[in-house]
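Given only the sequences and the hints, what does the whole structure look like? Please build it.
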Amino acid sequence: MAKMTKRILCITLALLMLLVSLAACSNDKGDEEESKEQTNNDVVDTGTTTTPTEDEGDGFDLPDTDWGGRDFTMLVRSARLDQFGEGDIEFGSSQLDKAIYERNQKVQTEYNINIKWLTVPDTGADGVKGSDMVLKLDASALGGCKDYDAVAPDYYWKCETKGYFVNLLTLDYFNFDAPWWWSNWNECYTLDNKLMTCVGWLTLDIVQGMEVVYFNTQLMEETTDEDVYELVYNGEWTLDKMIQLSKNATYNVQWSGAPGETGALGDDYVHGTILHYMGLRSLFFSLGGRFANYEDDGSITYSFANNKNQSIVSTLSEWIVGNPEVFYASYNKVNGHGLGVNERPTDTAEYFAGNHALFYCYGLRTAELLASLDMEFGILPPPTAEEGAEYVTTTFGTSYFAIERGRSQEQQEFAAFILEALNYYSYTMVKDVYYEKTLKLQYGGTDVQAKDMIDMVVERAYLDFAYISQAGYLIEKVLDCIMNETSLSSVWISNESNVTSALANYLNGYLK
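Going by the numbering used here, 792 is the number at position 256 of the sequence shown; the sequence numbering is gapless.
Certain hints may be false.
[What the hints assert, rightly or not] Calculated lysine to any residue pairs in the SDA-like style (CA-CA distance at most 20 angstroms, straight line): (1) K973 with K987; (2) K777 with Y927; (3) K783 with Q754; (4) K1013 with S1037; (5) K973 with M992; (6) K777 with K1013; (7) K730 with N711; (8) K634 with T974; (9) K652 with W603; (10) K672 with V643; (11) K1048 with A1038.
Just so you know, these hints were derived from the structure itself, not from any lab.
Encoded structure:
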């Protein structure tokens, strides 16, 4: 994993440039990194400290501290409790459950603490997602409440914009340069030398949400002599190649419909591709689409209706709209879509498993559902626009970790200490069990090439700030343009003011 760098972002300049760059900016500058010194407060002596713990020179250097049996409590989503540990393991527990339990026991024993999880439902009593978490944070964030020490909400709830959280770069125990932290997330959210949220291996969400292209092994063997893994290795796995293979596999699809409606489920149909809306989002980025641009001076600008983005939209529209080869599953438009935990798409997954499509574009966790359907499948990264281009994917979301600023300095440092330990021991004790023994062996089978593809997907994630923050909902507008065959510039004319305001408000809220 790339070493994290801190970007000092010129927010004032960014806000001024939003109005100029969003409408027609065509510079797709890469991410230019500038290394900056991390600023920390003085260490708060909160426990009995002896010497630093060194684990094989891997950069883990927390002091060997006895916290005297102190409780560490984190406010978490009940839907993600399985990632954090639900208590004692039982006979028949999975290897992953055992690894999570052993991690918790290790941290508790090593530092003499008691780990507790305080849960809230994803959907509150009012029917709004995240509302119970927000109510809890509203009541305690500024008051130094000791019910819990850290929080792990869904990124989609935008809790980071409400002024709840402390700047994590001011705390002493975090080592965000280390591989147990997801540098792609933490870099993306370092704004004006402030990082209010962080993601590490304590959550598996970001891995499970990585977008991939599944292929039906049986149909691939029946419809082509191509070795798709070799195409990937040789840099030849492009959208044009995917479209060609998709077309070759399509059989007996009889369908007609209005623009924006694509495909139908049928017992005798074989579609070339089942494309979920999340998979379509990923294709936009894998083909080179970008919203956020990091400039040489450290500022961040946004582009929407630039030439590159428009070219990608036009290419995808031409392939998808009105084409019976592609079954497009739009948001909440498929019976049994199963919106909820990582959005497991029951109907389309079963359809794919029944040999009704060659390709299936969705998140990595969907492999769990496909594996349960007893089918042979392979995993590929999303295709590129041109041969030789770098493979890129993105994730459809994650939980993150934060510490409330209403806590005392001592409380904040304690929370930082334990979060550093939990993420480190997740990296050393849980990651390989999930990644090597659970994910790659269970869903990659004995196919070494399939495991390579999973490596490629996880290691090459791209997080676009404008997408992940959902400020202005730019990706939704891109999908609308694709499916309605409209230009980005025409959509921008009616949305420029609202999107620009939303982006500015997000930045202001994050940094307040």
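Against the structure, the hints:
1. K973 with K987: holds (11 angstroms)
2. K777 with Y927: holds (14 angstroms)
3. K783 with Q754: Holds, at roughly 16 angstroms.
4. K1013 with S1037: holds (16 angstroms)
5. K973 with M992: It holds: about 17 angstroms lies between the C-alpha atoms, which stays within 20 angstroms.
6. K777 with K1013: Not satisfied, since the Cα-Cα distance of roughly 27 angstroms exceeds 20 angstroms.
7. K730 with N711: Holds, at roughly 15 angstroms.
8. K634 with T974: holds (12 angstroms)
9. K652 with W603: Within the cut-off at roughly 15 angstroms; holds.
10. K672 with V643: violated (27 angstroms)
11. K1048 with A1038: Holds: K1048 and A1038 sit about 15 angstroms apart, inside 20 angstroms.
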